[in-house]
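Enquirer: Single-letter residue listing:
2 protein chains.
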Amino acid sequence: MLLAELSERLLAGDRRALAKAITLAENLDQRRDELLRLTAPHTGRAHILGVTGPPGVGKSTLVGALARSLRSASCRVGILAIDPSSPFTGGALLGDRIRLDGLENDPGVYVRSMATRGLGGGLCRAAWDTARLMDAAGFDPVIIETVGVGQTDWEIRHLADTVLVALSPGAGDSIQALKAGIMEIADVFVINKSDLPGADQTRAEVAAVLDLQQVWDWLPPVQPVVALEDRGIPELLAQVAKHKEFLNSDGRWTTKRAQRWKTELQSVLFAKLQAGLGQWQDTHVTEQALIGVTSGLLTVTQAADCILEWASGCQVATDGV
Amino acid sequence: MLLAELSERLLAGDRRALAKAITLAENLDQRRDELLRLTAPHTGRAHILGVTGPPGVGKSTLVGALARSLRSASCRVGILAIDPSSPFTGGALLGDRIRLDGLENDPGVYVRSMATRGLGGGLCRAAWDTARLMDAAGFDPVIIETVGVGQTDWEIRHLADTVLVALSPGAGDSIQALKAGIMEIADVFVINKSDLPGADQTRAEVAAVLDLQQVWDWLPPVQPVVALEDRGIPELLAQVAKHKEFLNSDGRWTTKRAQRWKTELQSVLFAKLQAGLGQWQDTHVTEQALIGVTSGLLTVTQAADCILEWASGCQVATDGV
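Chains E and A, in that order, give the protein sequences. Each number in my numbering corresponds to the 1-based position in the first sequence with 41 added. Each number in my numbering corresponds to the 1-based position in the second sequence with 41 added.
Hints listed in this document are in silico derivations from the structure and should not be mistaken for laboratory results. One or more of the hints may lead you astray.
Identical copies carry no separate label here, and so any pair may be met within one copy or between two of them.
Stated by the list, open to error - Only pairs whose alpha carbons sit at most 30 Å apart, straight line, appear in this in silico DSBU-like list of lysine-lysine:
id, residue 1, residue 2
1, K313, K283
2, K313, K297
3, K313, K303
4, K313, K285
5, K303, K283
6, K297, K61
7, K285, K303
Sequences and hints are given; from them, build the entire structure.
Expert: As structure tokens, then:
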């Protein structure tokens, strides 16, 4: 299939075309760049939701419940589940773990699982692409579930319009969630398993942390749910809709979309610079600079300046990248 | 105090000088660069241990138990506890939480807590500096406890010689630890709270994951301990010593030290390039490039090339940084 045809079908909402496009993006295929260009003008419509939280709070169940409720309101829902990959197994750890009871054959739900590439890398570039492609194919909202660890959460704040942070009474005290550094990125807090003992305490702890901050543009609401039984889900979606209204009234809806392309451009620029830097790594100059540093003759900054000066002479920094 | 004097006192093992030097590094003081130069030739002796694992497994208690046991063998122990910082409170979340029962006034133990700067940033540069400075001041081993989230763990693998990954039966099933992406960085596994029910299962699960990998240079041992009662700690330290022997026999002890300076140099180079990139951000060229991308006229790569070409003409990339 030609790229133009693939793109046209995708824009018409064709699931097979979407699947193929995401695979191209995932494989870092050289056609990815052109595919993004063809679909770019048709992106920016979908409300992108991030769902994150510590392991064990029931994020996948929550995403399933959200999807069911959204389907009953006739939304076409895109779901992207980010799994950590393991060097041991070479693939995603958890596979297709979103619980879609009753939605398995629903053409209005599109689910994709994706492995992060390596440790600590955060969301892979393909995750950003996938959100864009689902958006271009007319899925709205697009829900992205992350693994709930540091770097990924930092990125989800940029990729998503609305970040739902899920906690549960069973998942340890809230200081542990703070430890994981995810309290600060929440637009909406979800207390899942809120029928369990301790739910009120978890809720109170979240409220206490929120109280520490004096001024809010948007005070994150705290919504108790029981995702397994679909309880509290309509109320949660109402909070999500309110946040969308806030983003629109505030101008952030538009700013976020511009910023995402800027981030994409930056990452390409950065990769090009990094490739340039890589060329200097095994040079004689770098070797000498390191000897200078370890023997205490040069500061690290002086060593870096030596390398940059040399690279400047070679024109590597700008021409070679 | 002059920098040369500070450095001399630090090298003589003076705790006040060490404290002051770490504070300079933490504050990104301009004297940091020179301080590292003065101490660089005296680093590389200490065995750097990383202690990580999911929240709630008792990492701090474990570090306390390790310190007590090392003190009874007359080692001078440096401890660095990395805390996530919170934009809400503006400071470290957990403070001095290492449990040092009986070691509070021991001059042979030096403890420092440090906040990560912002979310997702991983170990701050000051953590690397602190390990170097403790090393230069004659502390050996230097134990670094991290918060057990993705990005930090990725970095601890580079900063530490030996990474101890702590798990416990109470902290959820091992798939959750895999989720957090920390299984792959372990040189030694520690099953803490191994007197609790489920310890054998946790141990078996770790062994099963290790079995997936066919070839090992070093097969990570799995050591059960009860850190609160100092049980299993001498056995654990024996495993740590074995790993040090392995690193030495293998040449990695030396390679790791060279690589750490290379990483430091790279990060300075990278910061300089990034600063250069920052200068292009709000230019007319970038604005035009972004309009080209969002309207589908340019691919992102083409847009990046435009900016680099322009920057090359301006000599920003090499002269401006």
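Enquirer: Let me make sure I understand: some of the numbered hints might not hold for this structure. Which ones are they, in numerical order?
Expert: 1 and 4
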